[in-house]
Amino acid sequence: MGKVDKGDLGRFLPLVDRSATPVVDPRGAEVAADPAVVRLAILDDLLNMGRANSLWPLTFGLACCAMEMMAAGASKYDLDRFGAGVFRPSARQADVMILAGTISKKMAPVIRQLWDQMPGPKWAIAMGGCTIDGGPFKYPNQYAIVEGADKIVPVDIYIPGCPPRPEALIAGFLQLKEKIKAGRKFNR
Amino acid sequence: MGYFGKVLSGFGSLLTGMRITFSQFAKTFFGRKNVTLQYPKEQPKLAPAFRSAIKLIRFEETGTHDCVACKACERICPSYCIKLSGGKVEGIKKKRVAEFEMDFSLCSLCGLCIDACPTDTLEYSKVYEEAGYNRDWRVDLVAEFREYEAEFVEKQRVIEEKAATAKKAKAEAAKKAKEAKKAKEAEKAKEAEAEAADTAEKPDTAEKPPALEAKPAKADAPAKAEVPTAEVPTAEAPKS
Amino acid sequence: MPETLSQLLDDSVLAMPIAAGLIMGALTINVLMLVWAERKVSAWIQRRMGPTEVGPFGLLQTLADMLKLISKQLITPSNVDKPLFHLAPLLAFAPVIAAVALMPFSKSLILVQNDFGLLFVFAFGGIAVIAIFMAGWGSNNKYALLGAIRSVAQSISYEIPLILSALSVVLVVNAMGFTLASGGSIVVANGLDLSHIVMAQDQHGLWFVLVQPIAAIIYFISALAETNRAPFDIPEAESELVAGFHTEYSGMRFSMFFFAEYTNMLIVSMLAVVLFFGGWDGPVLPGPLWFFLKSYMVIFVMMWVRWTFPRLRFDQLMTFCWKVMIPLSILNLLATAFVVAVL
Amino acid sequence: MTNAVPPEATPGGGDGEVYSLNMGPQHPSMHGVLRLLLDLKGEEVVKAKPVVGYSHRAHEKMAENRNTLQFLPNTSRIDYLSGMIYNLGYCQAIEKILGIEVSERAVYIRVIANELNRISSHLLWFGTFLLDLGGITPFLYSFDDREEILDILDQVTGSRLTYCYGRFGGVTMDVDEDFLARTTAFLARIRERLGMYDDLVAKNVILRERCINVGVISTEMAKSYGVTGPSLRASGVVYDVRRAEPYGGYEKFDFDVPVLHEGDTMARFHIRISEIEESCKIIEQAIKGIPEGAILPKKMPKRFKIPEGEYYFAVESARGHFGMYIVGDGTDVPAKLKLRTPSFSNLSAMPEALAGTMLADTIAIVGSIDVVMPEIDR
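Protein chains in written order, with my numbering: chain A, 1 to 188; chain B, 1 to 240; chain C, 1 to 343; chain D, 1 to 378.
Keep in mind the hints are simulated off the structure, nothing from the lab.
Model, not experiment: these values are computed from the prediction.
Check the hints yourself; a few may be wrong.
[Unchecked claim] List time: in silico DSBU-like cross-link candidates among lysine-lysine, alpha-carbon distance up to 35 Å:
hint : chain 1 : residue 1 : chain 2 : residue 2
1    : B       : 167       : D       : 299
2    : D       : 299       : B       : 95
3    : D       : 47        : A       : 105
4    : C       : 323       : A       : 106
5    : D       : 302       : B       : 88
6    : D       : 298       : B       : 126
7    : D       : 49        : D       : 223
8    : D       : 298       : B       : 45
9    : B       : 126       : A       : 105
10   : A       : 106       : D       : 338
11   : D       : 338       : B       : 71
12   : A       : 106       : D       : 47
13   : D       : 298       : D       : 338
14   : B       : 188       : B       : 93
15   : D       : 305       : D       : 49
16   : B       : 182       : D       : 302
17   : B       : 95        : B       : 71
18   : B       : 6         : D       : 336
19   : A       : 151       : B       : 71
20   : B       : 83        : B       : 126
21   : A       : 106       : D       : 336
22   : B       : 190       : D       : 305
23   : D       : 41        : C       : 82
24   : D       : 47        : B       : 190
25   : D       : 61        : A       : 105
26   : B       : 83        : B       : 93
27   : C       : 323       : D       : 41
28   : D       : 299       : B       : 182
29   : D       : 298       : B       : 184
30   : D       : 49        : D       : 336
Chain A with its partners taken away, still in its complex shape (with noise of 0.2 Å):
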């Protein structure tokens, strides 16, 4: 019995289809024709540019998506590439949390305190089916863990895989510089 070789290409089908989700300009089209908007908007698009492109991520890891983190960040995919490699172990000097792990009750509060510790603006990536919607460790009234990253602090990128491989996390972070640079205001 053989089967169709579709080589690498075998991308399953999603019920939502994720590449139709628009990233808009909030400044709408006719703020966006309006001279006066345009000429600081280029200022605008330019620090987004250089938001987008200065991702510092916060030191911190809570599971096994940790390592994949670290891995990264290390020599064989190098962040760094894409000025993400700064690992910042203070929340004040950081720009995006990458909330690489299972959420534990426990931790919840103090994850929602580094994120408000985080000065704006700021990002968070949800690396792993645990800061999705709970993950494997998720059964009927279980007790243990918080079920999604989302429930405590606004999510921006979501990476599946248990634990999603360490190209994932750089797609993930290509994807959170689209969407920067698709003209995200400050306040959040």
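With the hints as your guide, set chains B, C and D onto chain A.
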């Protein structure tokens, strides 16, 4: 070792360390060799065993999957990430899956579902760079097979009809030779075999191909020519 | 024709802002390049690529970092000592500009000519300690305070061998003397004048690293400690004190500390070039270019050291200073004085 | 800096000299989410109190909620750094209870996979330990080597970290010649690199100053706290489950159990490095002796029912004695599965070992015992 000896040997060990780091520096800087895999530009070589979200296998013979909605995978899954439904399809004996939904965010990639599958129609996909703005990671496994479903049912109906007529002819021949009672028993056995595919236990599939391939090969010849080329969306690497 | 740039600028009321602006611009570019270089050097030592995506060879990476830091929210935690907390980054930032102005980039290119340049550079270096302590104390954070205390103890201790090793050079300069190009007679050389130190080396064709090798090594190690670079980076020891004295600083204020740190690196390496590597002395290329080339070579060694060694423990650091560095530098100074007196 | 006002912080000693410092759960060298409450006098640690539970994922409870087979993916997530050892260890425990035969080839494959995983775990420890001490470059070098192991294991297991390679009675996938050749090549590479690490790190005067006579765990102390694994062997006790109660075919292999008597951080460092060498030896023998054959038994029961009774099975993970205490009640869902994880006992020795050291030593000592938080919290 005296005071100066200690200072000197300590200093020497520092120089050794600096020599090593400089040799690595020279390998990268002058030798232009680094160990970095430039991911979006270069893709990693994935092992054949690589595990990602499960998908249904498309068999060449039929151009579609062979899921009979037995729910063995749904029962074994430790993470409750598979939901499927299906059953009898009008016109054919074989059961078919109607909805097969899998939540990748819950999956722990243990492979128990693949082991459990009686028709061996599940495998790991090779997607390793999924990331998105949405927390919904449910995957519709049968989506890419829907358009072939009617075609398959039609083909399967033809095959089964042929098999039935062949069986009838055989039975008639047998009737002539033997008693009608024995022929009835044979039919019962056939039905039991078809049902065997639906049970959760794992049969020795290596020797015994699924029910479909057990049917006469002559019916397959035209079907093979019509196998549609697998039109699957390509995994687009995020451009930087 | 005015002899130095500073004399030219003396004529104008605009002198101050022009000079400050020039230095600021140059230093900003320098810091941008240094941070990029640091990341590249570390990457190459670690067999990586370092920043590649932003600009050619990732050259614009630090520009992006700067843009981001400028636009970052400035957080003032509620319980900080506000005046100290706000002043500290500025105080760390200001003296480094002043110190750069004293450097003799070439015979004529000296922004501020001063007879006691060496003293001033060390004095300005001392101010940074106060800034760090203000930051640590004002932050009202235990990690920051620990970092600040460590930093003060470390900087004060390491200034002693730093100055003692420089002093040996001063003695040598004073003894050797040199001929001014215009005159022809041997003038009394002032060893505290930075340009005199260079001219003495220039004239005798002898870099002082050959005359004073022990002083050069002591100077280099003390300079590492003075600038809080690894393996002496214990005030901001990432794995112990989170981020040390700037734990609570964000955005622009943090980048000011960053700026000061990297400019300090430049200052100590420029001073090393002046003291030991013959300043602007060099064939073919113009003087200032040689000066910067040499400085960057010293900085490269500093980076190389940083990415090789683990960090010392605090008490070991102090032991090393008081039991090794200071006795050695005193011995060296005495030996130099003896030789100078005898000859 | 995370919890500005730790709820359990003890107010200093009263004389105004002792103050408390809260380290973690977010701290760069707390290996995930360990939290240490330190009472400090200047830089000297007066009292240290580890607070755990920030990574509690209820593994033991989950074992009571699913059948024996379904617990399989959990095992490699208890200690994600030696996931293979835990995964295969759990398989071996169930096999022993049910009396399932494992083919010779599967036994050898398991040994190779286990030891590769042990090397990768020790390499990661090496890197993070150096990172704790401020040496960043060795961390990246060791990660390079580790990537090689992950690639090799990825080839047969399909995962990089949280393997689910074992099945009751064997393993999921057979190894091929390519796998064995790559493993052999890796052994040559790691031996060469160990020499480099020796020059770059072990002989370095700064590291030696930081490690020698720091955080001494005496033999008695180690025994009384139940410290196991490399940390115990650094304190002068020859105890290795692979030797003491051989399991999974380890009795066939010739290897030493390295022991040092100093009990300090440097001894723990050297023990782990020699263990990498011993693992290399084991892998070499296994590659030489690997027989042909099936990797899974032909006939397998559909449900793995644990007979009534209590069972205990232990394996040697990269961190020490990992034991599974299983209570069966005749169904295929265990009535109780208690995990005895090594890091938990090793960490319990910390308050005593940390008292009287410097703040920087605290980091070095906690790093040297190699804790994995989810394994402690389960």
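Do the hints match the structure? See the list:
no.	hint	in the structure
1	167(B) <-> 299(D)	33 Å, holds
2	299(D) <-> 95(B)	27 Å, holds
3	47(D) <-> 105(A)	27 Å, holds
4	323(C) <-> 106(A)	48 Å, violated
5	302(D) <-> 88(B)	26 Å, holds
6	298(D) <-> 126(B)	29 Å, holds
7	49(D) <-> 223(D)	20 Å, holds
8	298(D) <-> 45(B)	33 Å, holds
9	126(B) <-> 105(A)	33 Å, holds
10	106(A) <-> 338(D)	22 Å, holds
11	338(D) <-> 71(B)	31 Å, holds
12	106(A) <-> 47(D)	24 Å, holds
13	298(D) <-> 338(D)	31 Å, holds
14	188(B) <-> 93(B)	14 Å, holds
15	305(D) <-> 49(D)	42 Å, violated
16	182(B) <-> 302(D)	34 Å, holds
17	95(B) <-> 71(B)	12 Å, holds
18	6(B) <-> 336(D)	58 Å, violated
19	151(A) <-> 71(B)	32 Å, holds
20	83(B) <-> 126(B)	21 Å, holds
21	106(A) <-> 336(D)	24 Å, holds
22	190(B) <-> 305(D)	33 Å, holds
23	41(D) <-> 82(C)	27 Å, holds
24	47(D) <-> 190(B)	77 Å, violated
25	61(D) <-> 105(A)	15 Å, holds
26	83(B) <-> 93(B)	23 Å, holds
27	323(C) <-> 41(D)	24 Å, holds
28	299(D) <-> 182(B)	32 Å, holds
29	298(D) <-> 184(B)	34 Å, holds
30	49(D) <-> 336(D)	30 Å, holds
In terms of the numbered hints stated before, the structure departs from hints 4, 15, 18, 24, listed from lowest to highest.
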